[in-house]
Structure formats: structure tokens, C-alpha cells
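Participant: Spelled out from the first residue to the last, the chains are:
Protein chains: 2
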Amino acid sequence: MMKTRVCEVLGIEYPIIQGGMVYICTPELAAAVSNAGGLGQLTCITGRKDPDTLRANIRRTRELTNKPFAVNIPLIMPNAEQLVAAAVEEKVDVITTSAGNPKKFTSYIKEHGVRVCHVVPSVKLGQKAQEAGVDIIVAEGWEAGGHNAYDDVTTMVLIPQITRAVDIPVVAAGGIADARGLVAAFVLGAEGVQMGTRFIMTRECAAHENMKKAIAQATDTATVVTGRAFGPTRVLKNALAADILSWENQGMTAAEILERIGSGRSERALLHGDIEQGSPMSGQIAGLLREVTSVQELFDSILGEIRPVLEKAGKMLLGG
Amino acid sequence: MMKTRVCEVLGIEYPIIQGGMVYICTPELAAAVSNAGGLGQLTCITGRKDPDTLRANIRRTRELTNKPFAVNIPLIMPNAEQLVAAAVEEKVDVITTSAGNPKKFTSYIKEHGVRVCHVVPSVKLGQKAQEAGVDIIVAEGWEAGGHNAYDDVTTMVLIPQITRAVDIPVVAAGGIADARGLVAAFVLGAEGVQMGTRFIMTRECAAHENMKKAIAQATDTATVVTGRAFGPTRVLKNALAADILSWENQGMTAAEILERIGSGRSERALLHGDIEQGSPMSGQIAGLLREVTSVQELFDSILGEIRPVLEKAGKMLLGG
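Chains as they are written, first to last, in my numbering: chain A, 1 to 320; chain B, 1 to 320.
Please keep in mind that the hints were generated in silico from the structure rather than gathered at the bench.
Glycine is no exception: its CB is placed at the ideal position from the N, C-alpha and C atoms.
One or more of the hints may lead you astray.
[Stated by the list, open to error] Examples of chain A residues toward chain B, derived with CB under 8 Å:
hint, residue
1, V166
2, I168
3, I306
4, V309
[Unchecked claim] Label-pair restraints from in silico Cβ distances:
hint, chain 1, residue 1, chain 2, residue 2, range
5, B, G100, A, E276, 30 to 40 Å
6, A, M1, B, M77, 52 to 62 Å
7, A, K49, B, M1, 57 to 67 Å
8, B, G319, A, K315, 19 to 29 Å
This is chain A alone, in the form it adopts within the complex:
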């Protein structure tokens, strides 16, 4: 076990969390991550988004691993209360809440012996999460894929500021996909990392083949944030994103744009492979990724590279 509070609190060997990604966080992926020594994570936005589906997914994951794993529940879900209750009753090890007020469920979850992580995009919301009693803050920078905050605070500046402002452990998310990113996050003050896009590029991830190919071909400038005024979302640049940006620039209202977008766009890209008309959520680190590996290969690679990365930087900066 690495000597970080994140490992102690979560009972995991390595402080590497698989982020909650809508539709593609299956029991198979979560179990593979937990079996490799990290923290796998289901989301309630997989399948039918109802408590029973979530229960089934938790039970299936439990069959595949005896290590701790998490469930991500965005608190804007209309049935958030039932989802939280279901996850607690199924005795999941960790619940990660996001997109809402951490005061609402943290006490309830903790009273039932479940650990709580809360995802925040800024120092102020980090402080509120600490006040609400969460165990760990996941501080997510602007470069992250999928749903983002309205402010564009990046990982590089968020981590040193939030770790100064709170006492509880901070996990860095956004822009991390290898040992360099992990070590940089620790240098900035984090005690763990959460990765999303990198886990799409694993064999265990249920994302459509087209999605993996699109990430493999992405450059550093391949993603864009749409919906800045009504729900910022980072996706691979495509026909749909170009349309949304053009509607935004024309001054169209959020309601008009949302009506044109309709529903099911994320599923369409992530599960059905329609990269152009779907919403292919991806972080900016996509440009670094070329290959699909197994989850175990990913862990082996990161863990094997930590020492060389630290030594190379140390040699340049300290000599010897």
C-alpha cells in the first residue's frame, strides 16, 4: 500500500481511482480496476438509471472482486435519494457524489459505514465539501472530459490552491493518464488521482470501438467544451459540437439549444459509436493516448514509471 491517506481511507493499494463515466462504467471495468489495486467505480447512469439496475450492478461487481469499489451518484439525478439508499443498502464501499450539495446525503452515507468522496471544481466548493464531512475531495480540472463546471479552473492551478484550503485528502482529476501526470499531481499536493479517458482506452471498458479509435487519433486540440452557459461538457470536436457552438454564438437560448440536441447523445457516441452526431465525451489528455491496453497493463506501466519519472526530474533539478 502506498503511504497516502487516500489509500488508508479507501482501503486500496494504489491511489488510483477510475472516474465515473456515464454508460460505460460496467461491473467488469470497475472490478478490473479494483482487482489491480485501485478503486473501480460504477455509475448510476448505466442501463436504466434506476435503483434496481444499480443494485444488480453492485452485486455483479461484488462477484468479480472482493476489493473495495465505488458508485458515482450525480446529485442532480431526480431519483438521487433512492440511488444513494440502494448503494448504501448494498453495502458498497465508497459513494462518490457530484453535481450537487454534499450536505444532503453525506451524514446518512457515513452513518452506514460507507466512505464519501465528493467531486468539486473549485476551492470554495472543496471547502463546502469538507464542511459537509466528506472523507475525500476529488478536485477536477477544466481539462477533464464530460460534464464540467462553469469556471475553467485547470488541474495545475486547482490542486495547490485546494490543498492549501482544506485538511482532508485531495484526489486530482483532469488531464492525468500516465505516471508523469500522477507524479505531477502529487507534487502539486494531491494524494491520489482519478482518471477517466485513460480507462476508456482499456480492453475492459464497454465504450464502442469507434470511441476508442477516435481517442487514439485525437490531438491535443481535439476536444472542445460546449454548453458554457447551461452545462459545460467536454467532447471530441465533431459535427454536433460545431452545431452547438454555432447556435451558442448566434445567441440562441439554452432552452432552444437543448431542444435541438434532444436526449441520448452520450449513449449514442459512447455505446453506439456515432462519433459525429453523438456526444463523445473525452478529456484533453486524449491526445496523449494511442493504444488500448488491459487495466492491469495500465497499472503496471504507471507503477513502473513512477521512480524513473521522479529520478529524471530530480537529476535535472538537484543534479547528481
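We have chain A; now place chain B onto it with these hints.
Facilitator: This is chain B only, laid out in the frame that chain A set:
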């Protein structure tokens, strides 16, 4: 001298460059940075923006230091050719070009024995700068203050991608203000750092007292990028920025917005202290900064913290 190619190429002791900031990069600031062992930098956008003013500033800097220093010349300046010629004739040590095609002047500058750095916001433009023959690439992330690129590639994701794509040394810029930021940049693959906002917070910087106060009071979410469609610029959130964003959201054209903004807004904030109606350019790292120090105190603090920062990360990640 630290063992990085950036130090070797530029002939400096520490791989810390003071970024080119319009109006406030005076000979006094540049000389203080160079005397501390970094690379100080004048800009051609100080005073009258003509070759003679630049010559006078270079000569004045030479009186204050016998160490190498640089001049930043944005290539969109209408008189860029004369400015480059003046800097070369005055035998400045380094010219940093930005905002334009590096093919235009790199050969000319290098033939006269002057080193060339070129500022880029993406891998593609980094590759073009290398092809043009520049000595060093300054890779600037989205969190940087002042004029930014159209794409929002952050430092955390830009550095590992650009250092994989080019062979020449890369300096990281954007979001760096202390030893943690510097070490993180090196871990990600950089061989030097450039800082802007942190140098505003030095006693030697000519920025107005109101500007320094505004940065000292800033939070992590205190900055915003305006002009996304016609010239992205990161500033402290203020009345002017709110107006520009509202005009943008109304679908107003770039020409209409630029006419309303008028000229002289940066000078108004940076030199005259009008934080609300001026353009108070600042990076996102402003939220980390609380105090004004001397340039020498800044260098002492960063250099003294490198070893503890590396050791703390190493202890957590490698144990022992």
C-alpha cells in the same frame, strides 16, 4: 547551473524565465530576474512600442545587469520587422517571438548570434516552431494570463504531448508560481518554466499597486477569458469583462465589441490601476498568490523548496 538544456542554451543559472507582459516589463524587472540567475525579459509593448524605445530599454537593462536577458516581440505588431532588427542590432541575448509565424524571422535572428524562443499553445504549432529552427519552445497553457490561444489546451496536458512531439527543449508556461509548479512542469517533461503573474507580485514590477492588491485578493475562480471568438484574453473578472461576455452572448460581432472596448484597456489596469474598467491581465494562478516579494526572495523560495517538494512526493509514492 541546473542540468537542463534550457540553462545551457540560454546561458543562465536557473531555468526560470520571466514572461513578456505588456507595459510592465521594465529594465528594472528584467535585470532583477537576470541578476537572480533566471532570464529577465523586456517587451516591445512598453512605452511607445517603437524601435527607439526598445533600444533605450535594452541599453538601460544592460546597465543594470551583465547577465543574459530577452526581448519579447509579438509578431502581430505592425512594426515587428523593425523591432526584431533593433533588438538584434542591440545584441540582446534572446528574442522570444509569439503570436505569429516563427519562419519569418528565426533564421535572421539566429544568423546574428541571438537565441530564439517561440511561444506556442499547441503541439502542431510547437512542431512548426521546431521546423522553423527556434532554439526553445515556450509551451503556454490555457491557465496563463493575458493573450491566449483559441484552443483551451492546459499546461497539464500540453507539456507531455508537446515534449513527445519535438526534440528541442520545452519551457512550460501557464499556472506556475512556486516550486510545486516548477517541479510538476519538469515531471511532465519541461526543462524550464516561464512565469508571468508571479512576477507581477514582485516589488521590482512596475504594475500599479491596485493590480497587485487585486491579485493578492483573487481566488481560483477570479479570472475569465473574454474574446473567445476574436482574441482570447484572460483577465481578472471585472465590470469590463462582464460587459464583453454579455455582448458576446448576445451574438454581437467582433468588430462591434472591439469598437466598444476601444484601446488602452491593458495600460489602464496594469499601469493606472483601473481594475474595473481596464483589462487586468492575470493568470489563474493568481488565487495562490498573497504577498509581494522581491525577485531575489522569489528565487530563494523556489530554489529552496525544490528538494522538499520532490522528497515529499517521493516518500508518498515510493515509501522509505
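Participant: Take the hints in turn and mark each one as holding or not.
Facilitator: Evaluation of the provided hints:
At a threshold of 8 Å, the smallest CB-CB gap from A/V166 to chain B is about 12 Å, leaving the interface hint violated. Proximity of A/I168 to chain B is violated relative to the hint, the smallest CB-CB distance being about 16 Å (cut-off 8 Å). Nearest Cβ of chain B to the Cβ of A/I306: about 5 Å, under the 8 Å cut. The hint holds. Because the beta carbon of A/V309 sits about 6 Å from the nearest beta carbon in chain B, less than 8 Å, this interface hint is met.
The supplied range of 30 to 40 Å is met by B/G100 and A/E276, whose beta-carbon atoms lie about 33 Å from each other. Taking the beta carbon of each, A/M1 and B/M77 are about 56 Å apart, inside 52 to 62 Å as hinted. A hinted range of 57 to 67 Å for the beta carbons of A/K49 and B/M1 is consistent with their spacing of about 59 Å. A beta carbon spacing of about 20 Å between B/G319 and A/K315 agrees with the range 19 to 29 Å that was offered as a hint.
The structure is inconsistent with the numbered hints 1, 2, although it conforms to all the rest.
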